[in-house]
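Take a look at the letters that make up each chain.
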Amino acid sequence: MNAFLLPLLGGVLLGAGASLLLLFNGRIAGISGITAGLLTPAKADTAWRAAFVGGLAVGGVVLALVRPESFGPPVISGMGATLAAGLLVGFGTRLGSGCTSGHGVCGLARGARRSLVATLTFMAAGALTVFVTRHVLGGVS
Amino acid sequence: MKAAVMAGLAGLLFALGLGMGGMTDPAKVVGFLDIAGAWDPSLAFVMAGALGTYGLLRQLIVRRAKPVLAKDFPAPPSAMVDGRLVGGAVLFGIGWGLSGYCPGPALVSAPVGGATVLLFVGAMLVGMGVFRAWEVLRAPRTSSQPG
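If you read the protein sequences in the order shown, they are chains A and B.
Counting from 1, one number per residue, gives the positions in the first sequence under my numbering.
Counting from 142, one number per residue, gives the positions in the second sequence under my numbering.
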């Protein structure tokens with residue numbers, strides 16, 4: 001029961017955060033897009049982007065204090081694998097114009113076919129990667 | 142100023158939702174993607190809760206003439222399904238499956254998750270920068286629309 005109730009409540013909270021950003025700022029809560037926008041200097045909308053990302057980080061600190069079990073250890077710790085994964089996530093989310101939040105939540109909720117294709121694709125690629133690393137290679141560190 | 146405060150609050154709520162839902166536990170994410178193994182479906186409930194909440198509230202919000210603190214709502218982005226969309230989603234999916242981190246949970250974990258998460262976030266920002274540079278070099282006169 002709790003195993004599903006907590007994720008459901010987490011999802012509701014996350015959806016509320018995305019709704020707040022749309023209601024007040026008129027912006028889509030796509031984390032990769034919001035973050036990437038910070039890398040382009042001298043943009044008029046740097047302040048809200050920085051505040052949103054700052055809010056994410058503050059949320060991490062709050063969670064670490066009140067619910068430390070929210071954070072499991074990394075599944076990969078090797079420098080090469082970590083660097084490769086980070087580069088793929090950064091480059092891939094920009095090339096595909098969104099990630100789990102922008103396509104997977106906001107885009108799907110809007111009924112965008114583009115976001116449905118992106119979400120199915122990154123889920124399939126993720127599942128295939130886990131299959132290969134866990135069941136074919138027997139684990140990647 | 143007000144807009145930044147509300148964006149910060151939205152980010153905070155979003156982070157608490159990700160953490161409560163289990164998205165900041167990479168083993169849980171990999172377990173969700175591990176269909177052939179001991180599949181952990183709980184993260185589908187995060188998605189359901191988020192989609193239900195945002196889907197419903199969004200309907201009400203976009204009935205307004207404009208957002209509370211901004212001039213207008215975002216125009217619907219292009220509906221085009223192309224190689225970039227699919228190729229980008231494939232690359233992202235591989236990195237996600239490898240690490241169990243997508244951008245949101247990685248940023249939430251960054252201040253508290255230790256050296257590996259920091260390295261991941263650093264590499265993610267470099268990857269975004271590389272994309273930007275690649276785009277500028279390819280098409281010097283068009284700018285990208287971050288979404």
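If you are wondering where the hints come from, they were derived from the structure by calculation, not from laboratory data.
Among these hints, one or two may not hold up.
[Unchecked claim] Heads up, incomplete: computed chain B residues facing chain A, CB under 10 Å, no partners named: (1) Thr-194; (2) Val-209; (3) Pro-215; (4) Leu-278; (5) Ala-280.
[What the hints assert, rightly or not] Derived DSSO-like pairs (lysine-lysine); straight-line CA-CA distance at most 30 Å: (6) A/Lys-43 - B/Lys-143; (7) A/Lys-43 - B/Lys-212; (8) A/Lys-43 - B/Lys-207.
Glycine included, every Cβ here is placed at the ideal spot set by N, Cα and C.
Original post:
Which numbered hints turn out to be false for this structure?
Top reply: 4 and 5
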